[in-house]
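**Student:** Take a look at the letters that make up each chain.
Protein chains: 2
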Amino acid sequence: MHIQKVENRVINVYQPFIDKANDLLTPLLEEKVEPIGIVETKKDQDYIHGWKAEKVEAIQSLKNHALGKGDSVIVDFGEHLVGYLSMRIVPVGSPPDAPLHVKFTFGEMPVEVSEPFSEYNGWISSSWLQEEVLHVDVLPEELNLPRRYSFRYLKIDVLDTSPKYKVSFENMHCMTVTSADQTKVVTLLHKDEMMKKIDEVSIKTLQDCMQDVFEDGPKRDRRLWLGDLRLQALANYETFQNNDLVKRCLYLFAGVPDEKGRVSANLFMKPSIIADDTYLFDYSLFFATTLYDYYMVADDKETLEELWPIAYRQVELALERLDERNIVKDDPTWWSFIDWHEELNKQAPSQAILIYTLKRVIKLAEILQDNRTSFLEDKLVEIERATVEHLWSEEVGFFVSGDLNQRSWASQVWMVLAEVLDHESSKRLLNKLIEENPAIGMNTPYMNHHFVEALLLVGEKEQAISFLKHYWGGMINDGADTFWELYNPNNKEYSPYGSHLINSYCHAWSCTPTYLIRKYDL
Amino acid sequence: MHIQKVENRVINVYQPFIDKANDLLTPLLEEKVEPIGIVETKKDQDYIHGWKAEKVEAIQSLKNHALGKGDSVIVDFGEHLVGYLSMRIVPVGSPPDAPLHVKFTFGEMPVEVSEPFSEYNGWISSSWLQEEVLHVDVLPEELNLPRRYSFRYLKIDVLDTSPKYKVSFENMHCMTVTSADQTKVVTLLHKDEMMKKIDEVSIKTLQDCMQDVFEDGPKRDRRLWLGDLRLQALANYETFQNNDLVKRCLYLFAGVPDEKGRVSANLFMKPSIIADDTYLFDYSLFFATTLYDYYMVADDKETLEELWPIAYRQVELALERLDERNIVKDDPTWWSFIDWHEELNKQAPSQAILIYTLKRVIKLAEILQDNRTSFLEDKLVEIERATVEHLWSEEVGFFVSGDLNQRSWASQVWMVLAEVLDHESSKRLLNKLIEENPAIGMNTPYMNHHFVEALLLVGEKEQAISFLKHYWGGMINDGADTFWELYNPNNKEYSPYGSHLINSYCHAWSCTPTYLIRKYDL
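The listed protein sequences derive, respectively, from chains A and B. Each residue of the first sequence is one higher than the last, beginning at 1 in the working numbering. Each residue of the second sequence is one higher than the last, beginning at 1 in the working numbering.
By construction, these hints were calculated from the structure, which means they are not laboratory data. One or more of the hints may lead you astray.
As the list claims (entries may be wrong) - Incomplete in silico selection of chain B near chain A, CB under 7 Å: (1) 160; (2) 190; (3) 274.
Model, not experiment: these values are computed from the prediction. C-beta: ideal position from N, C-alpha, C; glycine also.
Assemble the whole structure, with the sequences as input and the hints as a guide.
**Tutor:** Dropping the structure here:
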């Protein structure tokens, strides 16, 4: 182990873990994809974000478009892609007597090639908006853009050529990259077309997020987050079965804990591995549950034994956060994620996630014959008792969270997943939740996933299917080629970042329907 | 010879000539130059374009500037450079959780890093404005910009980082390139400091324009133009003595005439040699005079013999343009260059350039014992007689041009250089020109060069020195590190392109004072 200092933080680097992770790195799979048409986008309030993409010409005619100053064209690749764009740019007219100045704008959704990025005014960096402005000095040019993009639509704006020449575009293609091997996926036979489609879009979403690590979103942030990893791993076990990629990611997280042994919420992979300075209560615990899920599928005891101390340490640290009542201390800062929701109190769902984790960690401790097993078991009993005593409100029939006794969907869903109540009580709780619909709802597919899994856990299979089709099917009906980071059917413009331009429209935590459908045989 | 078709034009490609030119290509000389300070630009009407650059910090403090969204800094390299920019970009703060979006703006003059390029509205392509906007995904980054720039000032605008980090810049440098070997230049000993300075700036201008060919301007158009080549070659013979580069350029022009044998006004060198579709009466003739000048310096008879047919052909084609009076036909189009002047009639100066060329071509014909020598001599007599008969106005005491009998500076200057009148008459004509100052004046250093050489030809050495110091010294007093494409002391904002932002501030045709000073021992 050596110590790395990142801006006053101490990171303990376990090089053998990093080396093991790097040994598991394999070359990405590539595929050449060509565009399928020329489209125009039009304002239409019946479409998501108010923009509709309409095919206006066959792609074969692209090469006949001679574009000069101020001209533009939008090309449709027909599906969501993650990869590298190439094309040949050919001059038309006199020999080019000035450089070409050209802008490329990449859109996962029509809105991104319709509304100018200059109007973006959200709080996260505008540098995520996918565009390139460049000069080409010599034409013809075989242009190979060096950055990776996540897109379906490409808008080309010719900013200037010269009065003596224009340009046309030929041999345009994208070399896609992924670490997901499609041949490993068993085709789903399902009588319901929408369920088949949801499964397909889930798998495409997962595929495009599977790179050298499980990324959260290939457009943004292109990073390994623990919360996303946990769900991607579950979907992966049912589809691509790239278990080594899960193993690699676990070793990466285990390789760079902080001085207390805390696992970071996410890792940067370049220029070399760096643990982010964000630490989240729930995400750190998910290191342990992700290890549990991995072991249950892969039966890889060596990895379990090696990573067990790190997993156990996350539980220890979570237990340290308990107050004298055995309830996790609340906090006004971003200490636990749960969902993108400004008003959501995180206490009760975090308490539930601790319980959820403890139950799995106890199983791992038993497997490893760890002598702290009975300590964990005793602790679980105390915590579950405290949870019911302090967070369950008999009066309102809901778990409540924080000083203001907030009733939220998240609290109920996670308490059901943690199996704090008995089966029938959990079932009643979920049905009451649906019926009474408290104001603090769910914003992300991430949170909605947990709701559907909670329904399945209590045996409400029909409701689960119905909600899956309503929510993920809703995205498909709204034009999703891959599932989105954010979707609120009641507020389709919702963005926690201040603009739907910056949202990610292929996001790992939204890929779980394939897991739910296949695992629970929906 | 093979035939190349460029947009309905036929180009006769003489591959052995192209091959010979390519054999003369040598690697460019490189030098690493670091910036000398951090500057701010301020509005000040006492300075050219109304902008003054003021040093505000030592360059050593650059690395301490942490720049976030909206921040900028201007770096001064202390002298005009042509080359490739490199730097190290380092993140400051948390690990970068979003790409860096950054803009680099390059300025030969303070105005270019002070007024936004978005306000440019001139008629030639805005793509010449030197800026790059790019995303950097991984930091720290060793950035090596692939394009060549021509600049002294570099403005860095950080468009966005993220709220969690900023960036700083280290190890910034420019790797300059030139085919001019400074060690070949004999230092000028001169008692007049301004004359020494004019000589130095001339040489620097020439140096920065000498690349794989003699370029007209390293910022714009970066191209081999015959009119510029002729003057660069003259300055080169007195300084860097890279005669092979002149030879190379002559072979290039000779390698791609059109189907009539006409030499193009300029050549594109990339992706492979292409003759531009611009043909100019004066520039084509200058192929012959440039060959003459080269032979007189290099004494290279083999090249003279090989290129003689092409040179002779330019004269033949010019003679074909004579009307029955032996006067070149006027034309409202851009058929002859002479100067950047919208109202200038080109007839009389073009007639003079034909005579000027004929006198040199006759000398070459004699050397080669060409049996067309006497034909040329007879033709010269006829043309000179016609010129005096039809273009000289006894009434006004000036040569006149075009249907409206325009009196211009250019007509008189070129008639003097062509030695159409006797020595004393030429001298009187020039003095009368200065005294009466007709409205159609001179706009470019190119035209002003010819004026000074005309003064020297008639023995007005003091006037020549005085004008040299007034005109080129005026540019130095106005802040020139290299001489400018355009300078009108009476209208310093003049641009034939509609904006001083697009003017070239290191331009080959302005480098001639070193030739005039050294050749005429001023």
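**Student:** None of the hints should be skipped; say for each whether it holds.
**Tutor:** Consistency of the hints with the structure:
no., hint, in the structure
1, 160, "holds, 4 Å"
2, 190, "violated, 39 Å"
3, 274, "holds, 5 Å"
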